[in-house]
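Peer 1: The task is simple: from the sequences and hints, build the whole structure.
Read off the chains here:
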Amino acid sequence: MEEIRTGVYICHCGSNIAGVVNVEEVARYVGTLPNVVVSRHYRYMCSDPGQDLIKKDIKELGINRVVVASCSPRMHEPTFRKAVEDGGLNPYLYEHANIREHCSWVHDDKKLATNKAKDLIRAAVMRVSHHEPLVIREVPLNPNVLVIGGGIAGMQAALDIANGQNKVYLVEREPSIGGHMAQLDRTFPTLDCSECILTPKMSDVGHHPFIELLAYSEVEEVSGSIGSFKVKVRKRARYVDENKCVGCGDCEEKCPRRTDSEFEMGLAKRGMAYIPFAQAIPNIATIDKREERLCKAACKEACPIRMNVLGYVSLIKEGRFREACEVMRRTNPLPAVCGRVCYAPCEEACNRGQFDEHIAIRGLKRFAVDYELKMGKHKAVPVERSKEEKVAIVGSGPSGLACAYDLVRQGYSVTVFESGPEAGGILRWGIPEYRLPKTVLANDIGHIQDLGVEIKVDTPVKRLGEIFDQGYKAIFMGTGAGMSQRMGIPGEDSPGVLHALDFLRQVNFGVKVDLGSKVAIIGGGNAAVDAARVAGRLGVEEVTVVYRRSRDEMPAIPSEIEEMEHEGAKIQFLAAPVKILSDNNRVRGIQCIRMEMGEPDASGRRRPVPVKGSEFTVEVDNVIMAIGQRVDKAMLPKELAYTDWGTLSVDPVTLQTNIDGVFAGGDVVSGPSDVIAAIAAGKRAACSIDAYLRGEELSVEEGGKVERLSEEEVTKVKERFASRNRVGVSKLKPETRVSGFEEVEHTYSPDEAQDEAGRCLASLVEGCFECGECKEVCEADAVDFDQTDQIIELEVGTIIVATGYDQFDPSVIPQYGYKKYDNVLTGLEFERLTCAAGPTEGKILLKDGREPESVAIVHCVGSRDQNYHEYCSRVCCMYGLKYAHLVRELTKADAYEFYIDMRCFGEGYEEFYKRLSEEGVNFIRGKVAKVTDEAITDEEKGKLIVVSEDTLLGKIVRVPVDMVILCSALEARSDADHVARLLSINRRTDGFFLERHVKLDPVATPTDGVFIAGCCEAPRDIPDTVAQAEAAAGKVLSLISKGTVTLEAAISTVDEAICHGCGRCEEICTFNAPKVAIKNGALVSSINEALCKGCGSCAVVCPTGAIAIRHFTQDEILAQVAALAEAC
Amino acid sequence: MNLEDIIQETKTYYCLECGKCTSVCPVARYDTSFSPRMMIENALLGFEDELVLDKELFSCLTCYTCQSECPSDVDFPVFVRKARAIAQGRGQRGICAHSGQLQSLARLMTSPTIKQKRLEWLSQEYRVSEKSDVLLWVGCAPYFEPIFEDIELSALGITKASLKILNSLGIEPKLLPNERCCGHDALWTGDIETFRKLAEHNAAQIKEAGVKKIVFTCPEGYRTFKLDYPNHVDLGCEVQHISELLAEKIGRNPDVLGKLKEIKKKVTYQDPCRLGRHLGVYDAPRRVLESIPGIELVEMKHSGLESICCGTSAFTNCDSCSNKLRSERLSEAVATGAEMLITACPKCQTHFRCAMVDKGEEHRPTPKIEIMDLANLVANAIGEGGKSSK
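These protein sequence lines are chains A and B, in that order.
Reminder that position 976 of the first sequence reads as 1042 in our numbering, one-by-one numbering, no gaps.
Reminder that position 159 of the second sequence reads as 340 in our numbering, one-by-one numbering, no gaps.
Hint data in this document are derived by calculation from the structure and do not stem from the laboratory.
Honestly, I wouldn't trust all of these hints.
Straight line, CA to CA, 30 Å or less: simulated DSS-like cross-link-like pairs of lysine-lysine [what the hints assert, rightly or not]:
id, chain 1, residue 1, chain 2, residue 2
1, B, Lys-447, A, Lys-886
2, A, Lys-799, A, Lys-784
3, A, Lys-335, A, Lys-267
4, A, Lys-1065, A, Lys-1021
5, A, Lys-841, A, Lys-301
6, B, Lys-505, A, Lys-296
7, B, Lys-447, B, Lys-378
8, A, Lys-885, B, Lys-482
9, B, Lys-482, A, Lys-1007
10, A, Lys-584, A, Lys-301
11, A, Lys-782, A, Lys-886
12, A, Lys-1021, B, Lys-407
13, A, Lys-1007, B, Lys-192
14, A, Lys-782, A, Lys-362
15, B, Lys-482, A, Lys-913
16, B, Lys-192, A, Lys-996
17, A, Lys-1021, B, Lys-447
18, A, Lys-296, A, Lys-1141
19, A, Lys-1007, B, Lys-549
20, A, Lys-1021, B, Lys-192
21, A, Lys-1021, B, Lys-505
22, A, Lys-886, B, Lys-482
23, A, Lys-996, B, Lys-549
24, A, Lys-1065, B, Lys-505
25, A, Lys-335, A, Lys-913
26, A, Lys-453, A, Lys-522
27, B, Lys-393, A, Lys-996
28, A, Lys-886, B, Lys-236
29, B, Lys-482, A, Lys-996
30, B, Lys-407, B, Lys-393
31, A, Lys-301, A, Lys-522
32, A, Lys-704, A, Lys-528
Peer 2: And the structure:
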């Protein structure tokens, strides 16, 4: 065993130590201790001559252990280790005794302090003899850097590092970088436009080849240590494809839902799809989806043309009625018509119906178009002809108009040929005016014409060749099924027997129809009900509808049947006419037979069968047959082929007829159906015609799936919302109705409509509810609701934290009236007011739009106050001055600064303060007691009164003003604690992150490789923030430049022979250094030397004593303790 | 104690001189020469004469409004209290109201041999027990009775009501025949010697009585026992205000007082400074009020922490400013539409009643409202058929 030869060196530290500790006496004493070969004292051991003493003794006296007694090891242990190493010894053969902080600085009694110094050095001498040489290792440092926070600090640090061609990952929680500085209007004291100086930097960050910007992302997990951190980042789903989005903002403009804009401090609204501000980087939209929709949007799926019901209902809820019409017109050419006569499959499907009552979607649709018409509809702008081809539409019913509408919007020239005198087809002549007023129809058709569709009336088409000859490249046949079916019973051709369609057509075109006092209508469809109600309006006293099935089977719209009955018509169910009875060429009645419902037939409907011997007679003067319609072949060109049902035969997918280039849809293909089905067919044909003309394959969209809510989902809705039935609409009284053709149903008032629309389940969730409006309007096809959060794993060597600050919420000081009075603002709110791009375009305005006549600026709100934050927020005095300047510059108002002390410490700051005095700003020294609207004089009426003591006058003042700006404190981020844990860094009691040394290491943290910059460390202004960011970048760059990390040598070791592999070390270690695994057949722990910090936690919990920490072994510590114990 | 000690003890040196104390001070609102900030500044600059010889030193209500808002957490009321002790040493006592009777009584009671007939009012109607471990503190009530006869204040009425409540709760308390003044007023006007003697005498009697809990009807006595006695004497028992005791019992069992009579009244509540800002008891009296059937509680514009003082403390410097404050506070009470103002402090009631018999300031009549102690209201609700009443 080697001989231990210890040298001990006692530092005077000038008079710091020697002034209290008798260093000569200590040195003499130490010389007597075992193994001590030399004991010296010297004025400054840390000086070069001091260090040389050690080196010389190593060489000349052959000492192999060194003890220095001086200041704190935190200060100079590294210095002396280095000296020992330079002298040729292993640096770990060194021990440090602290006789300054532990003796001279804390004791007055010189004798006791001297004795204590002797004890501490004796303990060090005893310990040092047990020290072993340790190997210091270096590992490579990953040159990639993580910067957390994309405010000015994070951006500056990222740019500095990236400009050195090092990879930087910049993680920002918000959709855009820029931080608070992007919200500021001007910067003190130079009054530079904040945005002007910031946006070039933002742009540099966005485009830098060495910066990977991860915006709308948050760091979730950090492991590892300096040189090799592993980081997990959650990149939140924007529901927008970043590679496709061009930042045009169309999605935001069309988004039906608005919320307070965070960027504008709630002074303006933003959409759920939004870009926070014009200069955002990345300039990509984000969809603010917070929870899943409560319904399945069954309305949209049930609609044959998939109208965006959620979208327009929600716009109505928000009072944006014109925009609601726009949304409707995007899919529906005839919203006013559908708002009245559609059978509304959407309503039946509406998921709210499972909860209480379905939404009155049809009524809302009607309301929006009616409102638009009432307020003055803007004429539609004609669509530019972008395609050469011309398309002909035959028939101006709903299918023809729909086809024309979609084609003209795709840029085709479209002409509609109508055989009748007016456009509209069955809508014009088949639906009575009390259900669909002519003006309403004309409005919808007018819109289609405005877009550029030409309608030629009184132009029947006999030959298809004619059309093609005129240069049309495709034809759509939408001629309908306008011919009444015959029943085939005796007497059907008697005078006095009418067919419903002829009857309705005559009435609609004003032809007088003579009816007797009793009329029977045969049939149960919409035409039958219409005919019955029209007959009533023409003065018929007794209207009887004869229908062969029961009420449940009646195909007419139920509400229409109900209204018909209200108007006095009777229904004979389960009765079928067998013969029309007439006298003298005049109908006198119908002979009917009773029916009963038989077994269901192939279609699933139960067939009525006659009951033998149940004949009876109904006495009537006229019979109107309404048993169905068919296609009138005589009206159609001869070359077309038909199905067995007498409808046009078309390809089920392309809707092309047997003739190339000729397409057909609507009733002429399907047989009699409803308006929305006809519109859907017209739209499908338009798609097909477009594909045909472009010579492309038709891509078929899959139909929607109408889903119902599960029981659990219904329960969930019930738990959250109270049931509320639909808002009803008023109707004409039946007595009034029958005297004319006035519209029966009234429309909603705006309030009623908003109320009803507010019931829509979809829009009851927070945030985006996936109405899909953005998806519809996005030309780049960037919207992607299937996106999910992504976890991105990064490997970096160093981390800079620049997470910034939160603004103190002054509403916790009720005396200041924030959120109580309209014109009490925070600093950031005022910044947005003066900003040219802000909600008032840079005008300082009160909530009522007036310009203020006087403004008070209240300093130290939440700062320098034991009740809130003790610290000074450092920037408020200066920004308060800036506000006063802006008030004076932009308005004629008086400005009052209520301050305690003016702290104007930076470059040009004091000068700015002086300038403000020249500008006539009133300075009142005093902390404001309260802001109130209780006037006690006439002068105070209608004002906000700021009460304070003017401490320089010793008088309480009440200053009436129009606006109060609260200079709110800067406070630590609300989640600073979470971030601190994530990175193993610390916070001060004020909540901000703790630096390693307040003066000499201000951007480092106690965790190696993690640095802090900007307001996350403490409140500071922009110049200081930038300087700190550059400092942090400098620290990182110096590490990258060195390229390696020196590993701590004093780390844990495991004696594998003793270890049980219990795993306690694994649990306690915050650095993940120990790992328990099977080694040579036994479960044992081993230490990852690159991760171990030598903190010793594992050694403490190790139950067997298998773990030891090098340089802090039991022998070493016990020797030291034993030496100290001698003193007691 | 000298000025420097006071500054050290109350950490007055943290003062930012921001003036918030003055601008929130109810006295400074009416008396423009009164400035807590200036008093502190005088102290910090060592201007003892300016501080302690100024009669304004005794105008502070020690209501704790300033302290509750001070950004530097300066305890101005305690600062004032200690400054008054220096003032007393220099012959300053403030202007004693009611010819100094109340101050004299306190000083008289420091005599160890004085014979009092404190409990002569006690009738068979109330059950008390020598063996009880609960003590009901009677305080100044018997002395107040003749002094405030003219303003129809019955302080003993509050004591009796409290006894009735305690009996209803099944408690037969002990009463001390030879209580002394608690010393609150002496302490707050700087007469430390008187306070110390009273405290020592009381503590000795309570020790002898061997009780576990003392119940107070007066927040001043309560505050003094709870916060000030521990600095001078050892009591060795718990202290509680009657409203806290009631709230606690009602919280555990809403029917603890038996079936209460319905009192159909809209009432408002005056937070006594001692109970409220000094001790933070805001909820208990309100919970008691809400437990009485028919009572509807409406709050005044300023309530809880922001409540306004009744205008006088320690029967000193009861000046025109005091009356303006009372008038303001009574206006607030009337403005609520309440039929009755409930207090939980006999002193508040004294001062408000006093103001209501005045002509009123500036020829405007003082607003009038019926005023009653919380204990009386509860006792009325218990009625004749009270649970344990004979």
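Peer 1: Has the given pair, A/Lys-886 with B/Lys-236, been kept, meaning a C-alpha gap of at most 30 Å?
Peer 2: Given that 30 Å is the threshold and the Cα spacing comes to 40 Å, the pair is violated.
Peer 1: Has the given pair, B/Lys-447 with B/Lys-378, been kept, meaning a C-alpha gap of at most 30 Å?
Peer 2: violated, 44 Å
Peer 1: A/Lys-996 and B/Lys-549: Cα distance at most 30 Å?
Peer 2: holds, 29 Å
Peer 1: A/Lys-335 and A/Lys-267: Cα distance at most 30 Å?
Peer 2: holds, 27 Å
Peer 1: Holds or violated: B/Lys-407 with B/Lys-393, Cα cutoff 30 Å?
Peer 2: It holds: about 14 Å lies between the C-alpha atoms, which stays within 30 Å.
Peer 1: Need the status of pair A/Lys-1007, B/Lys-192: alpha-carbon distance at most 30 Å?
Peer 2: violated, 41 Å
Peer 1: Between B/Lys-505 and A/Lys-296, is the straight-line Cα distance small enough, at 30 Å or below?
Peer 2: violated, 70 Å
Peer 1: Would the hint linking A/Lys-584 and A/Lys-301 be met if the CA-CA limit is 30 Å?
Peer 2: Violated, because 75 Å separates the two Cα atoms, which is more than 30 Å.
Peer 1: Given the proposed pairing of A/Lys-1021 with B/Lys-407, does the C-alpha separation stay at or below 30 Å?
Peer 2: violated, 37 Å
Peer 1: Quick one, are A/Lys-453 and A/Lys-522 close enough, alpha carbons at most 30 Å?
Peer 2: holds, 21 Å
Peer 1: Run the distance test for A/Lys-886 versus B/Lys-482: straight-line Cα separation, threshold 30 Å.
Peer 2: holds, 15 Å
Peer 1: Regarding the pair A/Lys-885 and B/Lys-482, is the alpha-carbon distance no greater than 30 Å?
Peer 2: holds, 18 Å
Hint compliance for this structure: hints 2, 4, 6, 7, 10, 11, 12, 13, 17, 24, 27, 28, 31 are broken, all remaining hints hold.
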